[in-house]
Amino acid sequence: MDFDTPYVMTIDGRDATGQGMIDIVNPATGQPFAKAPRADAADLDAAVAAARKALPGWRALPIEERRKALVGISGAIAARAEEFGRLFTQEQGRPLAMAIGEIKHAAYWIKATSKLDLPVDVTEDSDTRRIEVHHEPVGVVAAIVPWNFPFLLAIWKIAPALLAGNTLVVKPSPFTPLCSLKLGELMREFLPAGVLNVISGGDELGPLMTAHPGFNKISFTGSTATGKKVMESAARDLKRVTLELGGNDAAIILPDVDVDAVAEQIFFGAFYNSAQVCIATKRLYIHEDVYDALRDRLHAIARRVTVGDGSQQGSDYGPLQNAPQYRRVLGLLEEAKAQGLTLLQGRDVPEQGYFVPLTLVDNPPEESRVVQEEAFGPILPLLKYSDLDEVIQRANDSEYGLAGAVWSGDIDKAVAVARRMETGTVWINQNLQNTPFTPFAGVKQSGIGVENGLPGLLEFTQPKTLFIPKVSQAVE
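Numbering-wise (the working numbering), the sequence shown opens with residue 49 and increments by one.
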């Protein structure tokens, strides 16, 4: 696998060039720097056929053999982390050190996932019979990956699906396909032909995949609006779905917090990856006793850090990843200005590329768009409160429920608040934490199904129950 060769798809273990090309833009410049293949319906058919052909052999392998393949892939990715990282920064925009960090974390995630096991659940073991529940692969999986974490979130789907004995067709975002295409090439060394296929294309490719009758399951990460379309399409032939969708994540700062001790971490949890994180803090509720102090501390951090080209030393935060998201975030800022809201911004940003200043909004009305909508960009509303019951109600008053956080000097008090928050994950005095062994799921319109941990692995299986008699019985 050579990073200097043209970008190709992987179908049935071989190069595939597609029927055209799409331009890939460096978000730090706003200019194309590479081209990726554009798959059409025929390419998709070929990828699905290859995955379906490879399925019987892959699922028949002992799980230990599938583990070995994952461990080999993990080592190969770790060995090429810097090369993947440089390419990642070009197509995604994140500063290089953090880009390399995602690649290394993905390598760790694969190896950790390989340690999971498929249980055999015994629901009865009596004198007359034993009832066993086995977990078999669901079949051919369509993995649709977003642009904000294009490498790690691909691995979140690929690793458990392969371990469970499934085969896949992976579709990266049209904005960030390059690392996934190179990942497809790398994996050919460790997997039989057809087990993992990677195809790239424009916006038309996703609907073709969700409607394709050759898939047994769709694993999708993206916006809630698109997730609803995926679910609607999958319902036509009852495909299984896992949908990790939007979030408008709230953090609650209790009055006993040590502002100086937590400000840096709160800032990072809101603005990491230029706030293009589904589980980033997007609404920060601060008790009135510490509101001014924390607001001023966060603003000082925003004025200190640098937003710039991720390939250049000294850049702490990069651009937004693509032009549509850039325009949307700018629209939110312009509306906030037109409403007379107070914006506390960080340092100036480059004029070229998709850069937006890191922005705090000082105590806007609860009903304003910057509070009610997930910006998915560097805009953080700071919201003052005085009553705990009232702020929990405000935090829960959202169609989303992906993640949240509570910050306090009293852990027991924070846990009591966390238990009342309507989200799939709540962090106490921390944020942006996930592990390969811990289930990650949203409530309300933040998604359906589970990723990671044993529950996430089981999402790629279907139960098969065996009723086994203890004594042979004659059949009359």
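Honestly, I wouldn't trust all of these hints.
Pairs of lysine-lysine, DSS-like flavour, derived with a Cα cap of 30 Å [said to hold, decoys possible]:
id, residue 1, residue 2
1, Lys-83, Lys-152
2, Lys-276, Lys-512
3, Lys-277, Lys-83
4, Lys-512, Lys-163
5, Lys-512, Lys-116
6, Lys-461, Lys-512
7, Lys-116, Lys-83
8, Lys-492, Lys-277
9, Lys-116, Lys-152
10, Lys-101, Lys-116
11, Lys-163, Lys-152
Worth flagging that the hints you see were computed from the coordinates, not collected in a lab.
Hint-by-hint comparison with the structure:
Distance restraint check for Lys-83 and Lys-152: the Cα-Cα separation of roughly 25 Å lies within the 30 Å cut-off, and the hinted pair is therefore satisfied. Straight-line distance between C-alpha atoms of Lys-276 and Lys-512 comes to about 29 Å, which keeps the hinted pair within the 30 Å bound. A threshold of 30 Å between alpha carbons decides the hint, and for Lys-277 with Lys-83 the separation of about 28 Å falls inside it, so the pair holds. For the proposed pair Lys-512 and Lys-163, the alpha carbon gap of about 22 Å is at most 30 Å, so the pair holds.
Pair hint Lys-512 plus Lys-116 holds up; C-alpha atoms about 25 Å apart against a cutoff of 30 Å. Under the criterion of a C-alpha separation no larger than 30 Å, the hint pairing Lys-461 with Lys-512 is inconsistent with the structure, at around 44 Å. A threshold of 30 Å between alpha carbons decides the hint, and for Lys-116 with Lys-83 the separation of about 34 Å lies outside it, so the pair is violated. For the hint linking Lys-492 to Lys-277, the alpha-carbon distance of about 16 Å falls within 30 Å, and the restraint holds.
Simply put, Lys-116 and Lys-152 have alpha-carbon atoms about 18 Å apart, close enough for the 30 Å limit, and the pair holds. Annotation: proposed proximity of Lys-101 to Lys-116 holds, straight-line Cα distance about 22 Å (limit 30 Å). As the CA atoms of Lys-163 and Lys-152 are separated by approximately 18 Å, the hinted pair is consistent with the 30 Å bound.
In summary, the numbered hints that this structure violates are 6 and 7.
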